[in-house]
Amino acid sequence: MTVTTTGDLPGEVYDVAIIGAGVVGTAIARELARHRLRIALVEASDDVGNGTSKANTAILHTGFDATPGTLEARLVREGYQRLTAYAAETGIPLEPLGALLVAWDAEQLAALPSLAEKAVRNGYDETSILDADAVYAREPHLGPGALGALEVPGESIICPWTTTLAYATQAVRAGVALHLNCPAGAITTGEDHHEIATPRGVLRTRHLVNAAGLYSDEINRRLGHGEFTVTPRRGQLIVFDKFARGLVDHILLPVPTALGKGVLVAPTVYGNVMLGPTAEDLDDKTATGSSADGLASLREKGARIMPELLAEEVTAVYAGLRAATEHGDYQIHADPGRRYVAVGGIRSTGLTASMAIAAHVAELLTECGLDPGPEREIEPVRMPTIGEAFPRPYQRADLIAADPAYGTVVCHCERVTRGEIRDALTATVPPGSLEGLRRRTRALGGRCQGFFCGAAVRAQFDAATAAQDRTEARR
Amino acid sequence: MTPTDRTHRTVDVLVIGAGPAGLALAARLAAAGVDRVEVLDREPQAGGVPRHCHHTGFGLRDLRRVMSGPDYARHHIAAATRAGAVLRTSVTATGWAAPRTVDITGPTGLERITATAVVLATGARERPRSARLVPGTRPAGVLTTGQLQQAVHLHHQHVGRRAVIVGAERVGYSAVATLRRAGAEVAAMVTDQPRHQTHPARHLATRLRSGFPLVTDATVTELTGQGRLESVRLRHRDGRTAAVACDTVVFTGDWIPDHELARSAGIALDPGTRGPAADAEFRTGEPGVFAVGNLLHPVETADIAALDGRLAAGPVLRHLAGRPWTPGALPVRVEAPLLWVSPNRIAPDGPRPPRGRFTLRTTRFLTRPVLTVAQDGRTLHRGRLPRTVAPGRPFHLPADWIVGADAHGGPVRITVD
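These protein sequence lines map, in sequence, to chains A and B.
Be aware that the first sequence starts at 8, since it is given in the working numbering, and climbs by one per residue.
Be aware that the second sequence starts at 466, since it is given in the working numbering, and climbs by one per residue.
Here chain B stands alone, though its shape is the one from the complex:
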């Protein structure tokens, strides 16, 4: 065997990423009679992030029932396998040999797989401390929620005694639950927002159980400690500073898609989501390459990702049937304080986005904001949202206005006032 020997194969659909989105799509396609549907995952087990989310609440929207993350992962694995999709784990897609031809590394060797449709379902990750440019020393005990959950739930590792959680979105509260299970105390939860961003009931229940202070309007200015973390220094918006003694800090939220494969294929990214720019039918700018799940909307819940997978089955089947690749070409952009919109490419005469609406994110609280959709100075839609929207949580914009957009005009812009 030479150093570069690769086995070559062809499949109908290659799905990269065996999380809820990839698995749900593979199950649908296989059930619809597609012969060769192959799902790759670089982790030793399929299932994606729910594998290490031991809290409940998974499956509400796609399965109409509620279960734990690991149970939810098992459900989707079983469904995909039962439908006839091939699931392969511990294999990594390392790059592209050609459009729709992916190079793979696994314990059995190097492969090159060409597919009629490639679906990227590579998910998202939390930005680590370094990407947030938090200064200080580089001690042990600095984690993201993803690492914390895997350490506790998959590897049963000790994670420290006293932790500070940075971020008060939903995922921060999952971190609290995981720390509790690991026997660690939560010293404080810190957010740069004026209040937490989860459901009030969840916040209250968590506080009643764990009793930690929620420090609002504050940022982490420094980590200290040689070897092991010793403290986290905070600065409040009004200038007050404090040091919280702790041996662990968990940076939560602040998601970025794992877009390496998309970007290395030269697929245009959306400037807001940082995932591939994609239309209402999950089509990217690269013929035959689809994107689904949290790669497109960093992040939505697992069941929303799974619904993406289901909904993408139709467009993928149409592509397999030979429909020409004509994705919506008109970009939809947001302006600050909005963070992103998904989908972010439209065809005015094309289908509506999934469930007839766009999903958006904001970087700060907006009280019953008025959203304006405009193209080249022409207002396509203007309307007040019925409630306050919070950072880290989705809100929606009806999609009826897309028929009024000019397919040959400039980008559609969504602003808030």
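Just chain A, with the same shape it has in the complex:
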């Protein structure tokens, strides 16, 4: 098992290198790891899933509202099936709540039948149209004025962090070399292999997959391609306290308009309620901050959808950038001559589609001359339970009897135990920061944001990091 964060890269020539360890890059690494290949997954930051993937709206989409016939429509539909099965197998938190597309005016109400027809064209025929009474029977705390809704029972909520981490963990255990803190620089493409300059030395690989998210257009240009340009589209979100969870029991989607998908209200698998996202086209790929205007507009929209929600405390505010391009579809292109596959323009549906994208990319690599050899079984993974739909360690007498650390709650708001934090810190893909630890365990992610546990969690993180440094120094 190889995860490196510092030092020179190995001198070997990999069969495949994947740039970008987001939900798409890790899914591709995991998919390819099902064959005996030498694979490198290189990531600019100190953790997997640290860019667009960490700030997703966390919805597993049926693909009912995709544009029929697009690659995105197909991969979302397939990805939905694949990820649903994978989540059950690995313990990725997932709750099939179903969605309601709530119509607030006559125009939106009139659009519902065509949305239902579009769903059928996307292979999804389980929608139904509800009248206002039926909507309020399902969601009694909805604001006044809803005229009806399209019910989409298959839409689900999922944990985006555990998904990426499960892919990465399984890939690394199956032999993929994950190199963190390793931004890709200049790329030289030779007859036999690519040479990618990084601050940690040159990475050599025969085949190259570009899954660099926001930066996929820049990598693409270095390979001589210009099919797409990424324009970061910012989405700001407000996460409300767990006490808000009782207010809402479905994913409440707006009826899509010409202006885009709009603002949704949805429970999270951690038991919170999320309001967002905004949609702002920017030119700065690092502008992951929230803004006063953005938060004000979310609160205004939220007040209409569910007035009571606004009275609850806010647990977190965050913003993410999705990799929008000038095209309406995913930008997945193969260049067999250069043994190269670009995976760009993967927007918020990328979480749902990730496993299908990976399978598609694996096929394209074969067309690019990669001989994957026979398939093999890879070791299944079982991820820690951080969703609220299943018993967490603090609720399990059997776990605590075997190890009292699972009975010692460190983060009180999220009830994260010392044992879970220890496990995360010594896992196959350990966190590089407290933020990474939060995504793996929920520690520090609750309503107090560290008032009670911040120092204690940091002490445990620092001690584990120091122990790791000592081990590396001895090597």
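Take these hints with a grain of salt, some might be off.
Just the calculated beta-carbon pair ranges, DEER-fashion [claimed, not checked]:
#1 A:P381 <-> B:H620: 51 to 57 Å
#2 A:G253 <-> B:L785: 45 to 51 Å
#3 B:R788 <-> A:Q475: 46 to 52 Å
A few chain A positions that, by computed beta-carbon distances, are all more than 12 Å from chain B [stated by the list, open to error]:
#4 D15
#5 A123
#6 Y143
#7 R213
#8 E333
#9 G414
#10 L432
One side of the interface only, derived from the structure: several residues of chain A facing chain B at Cβ under 10 Å [what the hints assert, rightly or not]:
#11 F250
#12 L254
#13 S304
#14 E307
#15 A323
#16 C375
#17 A412
#18 A466
These are computed hints drawn from the structure, not numbers from a lab.
Bear in mind the structure is a predicted one, so any value in this text is a computation, not a measurement.
Every residue gets a Cβ at the ideal spot worked out from N, C-alpha and C, and that includes glycine.
The hints should help you fit chain B onto chain A, whose structure is shown.
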């Protein structure tokens, strides 16, 4: 052992939270002869917030002496233990199995404890940056005073070199002292109020030692920095803006009770304090469930919380003796700019609140305000306070008027003009 095995036990009084209020109550009850008084705390050490407040000034009102926070915590731990109360740490009350039956998680396993009286003493916390909706990036170096104090005093962690403190209440000045001890410089203290809200002597002494600017009438509009905090942007009431370079920001004050257990029991909260609505005898709306300390008044000093604990002993003993549960049912509410009043339920023929007065808070400075207490349009009390009252500091209203309230009337409202 199955995944859900729980040991079941019964105690007389279960106190949740081993801060000054919970400990002082447990000591009184045990000393009064109650057999099984058990105090739970989810932290590894009992003592509550004073554990990490290394400044002096604790104990003045309840112990008639002055000591540091940790000494004060030790005093109350020793007193409760000596009296015969059982103190248990690193155990978390996670929810309710029934009224007065609490589920517990600890290193020794899962428990279910049923008590004749449950006392919630779970305290309060400062609202973090996110709850205050302060926009910007999410860098490291953003703290509350509670986290800062624990980092420095309990874990001896590095906290940065140059800090901005948001808030100029008493607790903001504690943050200054903690930063100083950690070797960090205070770049500025920022308040949206026209002046600081601590004692002038304390303000002056702190300024003489640390010399930081106090920026008044200003709000934080944005945090910047990738990875680590780089600056805090401010906007003055008159429209001027500024950016203060810093690697740490401490959000102080703006307290909210840790009301999770109260709320998950379905206990009605007071809209002002956001803690359980409670009467002069610390009774909540749930039979057998009392609430004391900063859960009821976010926040008062530790010694006021401890006095709550002492005063609650009588009502708890009367409940154990079988007195029917008839808490004051008449709500007392405040209107803006007042923030809260405690206690906030009364029985006109019942006892007066502790020390014969109500405690209130305001959200802005009020110069010798006139307070009016009215019920259904009828004035019960009207009087001018002798001094200016400041946000973040208590002021008091005499309680004599409660006999004139109608137990069956509408809510009593306190307004200011």
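Note to self: Of all the hints numbered above, which does this structure not satisfy? Sort the numbers upward.
What the structure shows: The structure breaks hints 2, 3, 9, 12, 13, 14 and 16; every other hint is satisfied.
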